[in-house]
Amino acid sequence: MSANGLALSVRELRKHYGDVRAVDGLDLSIGTGECFGLLGPNGAGKTTTIEICEGLVAPDSGDVEILGLRWRSHERELRERLGIQLQETQLTEKLTVEETVRLFRSFYPRGRSIDDVISMVQLDEKRDARVGKLSGGQKQRLALACAVVGDPDLLFLDEPTTGLDPQSRRQLWDLITEFKARGRTILLTTHYMDEAEILCDRVAVVDHGKVIALGTPRDLIGSLGAEHVVEFTLVEGSPALDDADVAALPGVRTVRRVAGGYEVAVEALHRAVPALLALLAQRGAELANLTTHSASLEDVFVSLTGRQLRDE
Amino acid sequence: MSDVRETRLNSLRELVSVRFKEFLREPEALFWSFGFPILLAIGLGIAFRSKPADVAHVAFIPSPSAPPAPEPFKTEIPTPERAAHVDSILVGALKHDSLLAVEVLSADSANEALRTGRVAIVVSVDPAMQLHYQFDDTRPDARNARLVVDDVLQRALGRRDQVPTQDRQVREVGSRYIDFVVPGLLGMSIMGGGIWGLGFSIVDQRRKKLLKRLVATPMSRAEFLASYMISRLVMLTIEVGVLLGATILLFGVPMRGSLLTVATIIVLSALAFGGLGLLIASRAQTIEGASGMMNLAMLPMWVLSGVFFSSENFPNLVQPFIKALPLTATNDALRASMLRGVPLPGMWPEFAVLAVWTLVCFGVALRIFRWR
Chain C
0 MSANGLALSV RELRKHYGDV RAVDGLDLSI GTGECFGLLG PNGAGKTTTI
50 EICEGLVAPD SGDVEILGLR WRSHERELRE RLGIQLQETQ LTEKLTVEET
100 VRLFRSFYPR GRSIDDVISM VQLDEKRDAR VGKLSGGQKQ RLALACAVVG
150 DPDLLFLDEP TTGLDPQSRR QLWDLITEFK ARGRTILLTT HYMDEAEILC
200 DRVAVVDHGK VIALGTPRDL IGSLGAEHVV EFTLVEGSPA LDDADVAALP
250 GVRTVRRVAG GYEVAVEALH RAVPALLALL AQRGAELANL TTHSASLEDV
300 FVSLTGRQLR DE
Chain U
0 MSDVRETRLN SLRELVSVRF KEFLREPEAL FWSFGFPILL AIGLGIAFRS
50 KPADVAHVAF IPSPSAPPAP EPFKTEIPTP ERAAHVDSIL VGALKHDSLL
100 AVEVLSADSA NEALRTGRVA IVVSVDPAMQ LHYQFDDTRP DARNARLVVD
150 DVLQRALGRR DQVPTQDRQV REVGSRYIDF VVPGLLGMSI MGGGIWGLGF
200 SIVDQRRKKL LKRLVATPMS RAEFLASYMI SRLVMLTIEV GVLLGATILL
250 FGVPMRGSLL TVATIIVLSA LAFGGLGLLI ASRAQTIEGA SGMMNLAMLP
300 MWVLSGVFFS SENFPNLVQP FIKALPLTAT NDALRASMLR GVPLPGMWPE
350 FAVLAVWTLV CFGVALRIFR WR
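Protein chains in written order, with numbering that gives the first Met the number 0: chain C, 0 to 311; chain U, 0 to 371.
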């Protein structure tokens with residue numbers, strides 16, 4: 000491990016493609032044994048950042064130190080100690096699960112046994128099946144098996160559950176949690192806030208190539224100063240409410256207009272909702288609908304950028 | 000250190016075995032590598048099998064009216080019977096010759112048959128008892144047919160040889176078309192295997208981001224490329240063995256040079272075409288792009304390098320260029336060894352061409368190769 004106990008340290012990282020500044024002065028410090036998430040919308044620079052850390056893309060400037068080593072001087076050692084899952088690798092369809100894992104195992108001088116890894120990702124029944132015949136979730140688990148077969152100290156996962164059904168996602172989360180329990184470090188990127196909340200000890204919210212917020216999911220949500228979000232819309236023809244009037248209600252922190260409705264961050268649902276209803280009655284406004292949910296990283300992102308995390 | 004060596008050996012073994020599995024689990028690839036060259040050789044062998052000699056097809060247009068009969072035919076037979084009599088003598092003489100196949104046609108159908116190439120020559124007799132030959136003088140078989148037909152008809156009409164002649168026919172193995180074409184097919188399949196075998200697989204892996212995933216492991220890149228060369232050489236041994244074995248058994252194609260010479264030519268060619276395949280695949284991102292470049296590289300060689308017909312047919316001006324092509328070197332060396340038994344040292348110009356292609360292609364390919 001490095002002298003300062005950091006598994007990964009990134010300083011002032013920059014990378015541009017043509018006119019696009021994919022990574023624009025990004026800093027990260029990830030402690031050993033930590034599961035760290037890069038959260039952000041598509042195109043925020045997450046993949047470029049993780050691929051620079053993986054030694055697959057050269058940065059324009061900035062410093063990357065991994066396990067106390069640098070790519071320039073210790074490439075081979077780093078390759079042996081890192082586990083990597085890329086976003087869109089298609090493994091050879093004509094090979095079986097076992098042959099694929101065996102191939103990847105052969106590259107590492109030390110690592111886990113093939114049986115061990117296959118049963119860890121719960122593909123025992125599929126070990127003789129061709130990769131081309133696997134479902135999306137099974138392929139993703141096989142990719143994870145190939146990433147951990149060298150028993151890495153640091154595991155990089157780029158969008159590990161994108162495009163999977165809910166059940167497969169949950170299965171993958173269990174596997175990642177299991178790996179975490181072995182005391183290894185993980186850096187993952189995701190644009191699913193629930194994934195970051197469940198898996199990550201700390202999260203960096205990335206937008207336009209910069210870290211715009213950093214902390215534990217709980218701290219980040221706490222920074223909103225609100226535990227709940229109330230969303231409501233009025234029936235057509237109802238008189239509109241003044242934002243200031245809503246903001247003045249007891250327990251309300253912020254008010255935002257979204258797509259013909261209101262999004263209100265509140266710290267005490269039990270006081271804010273009755274007061275809101277009273278205000279509506281007094282103005283003669285009629286509700287079309289009203290929903291509430293617990294504040295999430297999605298709301299953190301919205302409050303930081305004014306955009307939805309999964310804006311297309 | 001031995002730890003590292005062991006890992007290296009192990010991963011090279013795994014990579015090579017993956018190459019074989021990829022290949023053997025693709026039934027189409029098996030057909031194109033093994034079945035196709037044999038079918039081609041059989042097809043060509045049948046089409047160009049050694050026949051006693053080519054038979055020339057002749058159309059004869061019957062005379063419309065009676066020609067005044069010349070000396071040997073001075074008869075009392077009245078017209079138009081006399082015309083029919085002359086026609087039957089001429090047709091009979093033509094039919095009698097084993098090198099000719101004659102049919103009697105109306106003027107229209109005879110001209111039609113000449114235009115479509117079904118007959119090589121049209122024969123007619125005019126009222127002045129003059130023989131008329133219509134044929135395409137740019138067709139060697141038509142010129143040949145004219146000589147034979149004229150000879151037959153003149154003899155039938157009474158010409159005698161000045162001096163007796165005697166023929167002795169010699170048919171030698173090694174000078175047939177099949178003997179010429181088998182080394183060409185061999186060269187073509189070495190080229191196809193090297194360029195397609197390496198090119199498609201590498202570009203496909205790049206497209207699927209598998210190359211990028213592999214270089215994210217401690218895998219040695221040299222080993223990855225070596226696995227392709229090793230599997231190519233093994234596969235080639237089988238391909239060549241099948242093609243040579245089949246054509247030697249079926250057609251008696253000669254192998255006058257030593258097996259070692261032929262093996263050396265094949266290995267050097269495989270390296271050159273492997274290098275060319277690697278170079279073509281070194282940056283292409285799509286299968287479409289790569290296959291365009293492969294065809295661009297191979298098409299001139301199919302035409303120029305003497306696969307189906309001798310490259311000597313092209314003008315002298317372009318001969319130095321043709322000689323510099325790797326497939327020309329392969330085909331020339333294979334023919335020299337198989338048909339003429341030229342020993343290894345006699346092939347240094349061909350080997351030099353192949354060595355230069357190998358070094359340049361690998362050198363450039365490794366420099367510009369895109370792993371992502």
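Hints were generated in silico from the structure; no laboratory data involved. Backbone N, C-alpha and C define an ideal beta-carbon position, used for all residues, glycine too. Any given hint could be a false lead.
Calculated cross-link-like contacts (lysine-lysine; reagent style DSBU-like; alpha-carbon spacing at most 35 angstroms) [what the hints assert, rightly or not]:
hint, chain 1, residue 1, chain 2, residue 2
1, U, Lys-94, C, Lys-93
2, C, Lys-125, U, Lys-211
3, U, Lys-322, C, Lys-179
4, C, Lys-125, U, Lys-322
5, C, Lys-93, U, Lys-211
6, U, Lys-211, C, Lys-209
7, U, Lys-208, C, Lys-179
8, C, Lys-132, U, Lys-20
9, C, Lys-209, C, Lys-132
10, U, Lys-211, C, Lys-132
11, C, Lys-209, C, Lys-125
12, C, Lys-209, C, Lys-93
13, C, Lys-132, U, Lys-207
14, U, Lys-20, U, Lys-211
15, C, Lys-132, C, Lys-93
16, C, Lys-179, C, Lys-209
17, C, Lys-209, U, Lys-208
18, U, Lys-94, C, Lys-132
19, C, Lys-179, U, Lys-94
20, C, Lys-125, U, Lys-94
21, C, Lys-125, C, Lys-93
22, U, Lys-20, U, Lys-207
23, U, Lys-322, C, Lys-93
24, U, Lys-20, C, Lys-125
25, C, Lys-125, U, Lys-208
26, C, Lys-209, U, Lys-20
27, U, Lys-207, U, Lys-322
Covered stretches of chain C, going by a simulated chain U footprint (3 or more residues, C-beta under 8 angstroms) [said to hold, decoys possible]:
hint, stretch
28, 70 to 80
29, 91 to 99
30, 288 to 302
Now the hints, each set against the structure:
1. For the given pair, U:Lys-94 sits about 63 angstroms from C:Lys-93 by alpha-carbon distance, which is inconsistent with the 35 angstroms threshold.
2. With a CA separation close to 25 angstroms, the supplied pair C:Lys-125 and U:Lys-211 stays within the 35 angstroms bound.
3. At roughly 63 angstroms between alpha-carbon atoms, U:Lys-322 and C:Lys-179 are farther apart than 35 angstroms, so this suggested pair is violated.
4. Under the criterion of a C-alpha separation no larger than 35 angstroms, the hint pairing C:Lys-125 with U:Lys-322 is inconsistent with the structure, at around 54 angstroms.
5. About 19 angstroms separates the Cα atoms of C:Lys-93 and U:Lys-211, which keeps this hinted pair within 35 angstroms; it holds.
6. Simply put, U:Lys-211 and C:Lys-209 have alpha-carbon atoms about 26 angstroms apart, close enough for the 35 angstroms limit, and the pair holds.
7. Taking the CA atoms of U:Lys-208 and C:Lys-179, the gap is about 27 angstroms. The hint holds against a cut of 35 angstroms.
8. Of the pairs offered as hints, the one joining C:Lys-132 and U:Lys-20 holds, with about 16 angstroms between alpha carbons and a cut-off of 35 angstroms not exceeded.
9. For the hint linking C:Lys-209 to C:Lys-132, the alpha-carbon distance of about 40 angstroms lies beyond 35 angstroms, and the restraint is violated.
10. Between U:Lys-211 and C:Lys-132 the alpha-carbon distance is near 23 angstroms, which keeps this suggested pair within the 35 angstroms criterion.
11. Of the supplied pair hints, the one linking C:Lys-209 and C:Lys-125 is violated, its CA atoms being roughly 42 angstroms apart against a limit of 35 angstroms.
12. Our distance criterion of 35 angstroms between C-alpha atoms is broken by C:Lys-209 and C:Lys-93, whose separation comes to about 41 angstroms.
13. A hinted pair counts as satisfied when its Cα atoms are at most 35 angstroms apart, and C:Lys-132 with U:Lys-207 qualifies at roughly 16 angstroms.
14. Distance check on the hinted pair: U:Lys-20 and U:Lys-211 sit about 21 angstroms apart at the alpha-carbon level, within 35 angstroms; holds.
15. For the suggested pair C:Lys-132 and C:Lys-93, the alpha carbons sit about 9 angstroms apart, so the restraint of at most 35 angstroms is met.
16. Distance check on the hinted pair: C:Lys-179 and C:Lys-209 sit about 26 angstroms apart at the alpha-carbon level, within 35 angstroms; holds.
17. Note on C:Lys-209 and U:Lys-208: the hinted pairing holds, with a Cα-Cα distance of about 27 angstroms set against a maximum of 35 angstroms.
18. For the given pair, U:Lys-94 sits about 68 angstroms from C:Lys-132 by alpha-carbon distance, which is inconsistent with the 35 angstroms threshold.
19. Our distance criterion of 35 angstroms between C-alpha atoms is broken by C:Lys-179 and U:Lys-94, whose separation comes to about 95 angstroms.
20. Taking the CA atoms of C:Lys-125 and U:Lys-94, the gap is about 75 angstroms. The hint is violated against a cut of 35 angstroms.
21. With a C-alpha separation of about 14 angstroms, the suggested pairing of C:Lys-125 with C:Lys-93 holds against the 35 angstroms cut-off.
22. Between U:Lys-20 and U:Lys-207, the direct Cα distance comes to roughly 18 angstroms. Compliance with the 35 angstroms bound is thereby established for this hinted pair.
23. Distance hint between U:Lys-322 and C:Lys-93 is unfulfilled; the C-alpha atoms sit about 40 angstroms from each other, more than 35 angstroms.
24. Taking the CA atoms of U:Lys-20 and C:Lys-125, the gap is near 18 angstroms; set against the 35 angstroms cutoff, the hint holds.
25. In summary, the hint linking C:Lys-125 to U:Lys-208 is supported, as the alpha carbons are separated by about 23 angstroms, within the 35 angstroms threshold.
26. For the hint linking C:Lys-209 to U:Lys-20, the alpha-carbon distance of about 45 angstroms lies beyond 35 angstroms, and the restraint is violated.
27. In summary, the hint linking U:Lys-207 to U:Lys-322 is not supported, as the alpha carbons are separated by about 38 angstroms, beyond the 35 angstroms threshold.
28. By the rule of at least three residues with a Cβ nearer than 8 angstroms to a Cβ of chain U, the coverage given for the stretch 70 to 80 of chain C holds, with 3 such residues.
29. Counting residues of the stretch 91 to 99 of chain C whose C-beta lies closer than 8 angstroms to any C-beta of chain U gives 4; at least three are required, and the coverage claim holds.
30. Requiring three or more residues with a Cβ within less than 8 angstroms of a Cβ of chain U, the coverage given for the stretch 288 to 302 of chain C is violated, as only 0 such residues are present.
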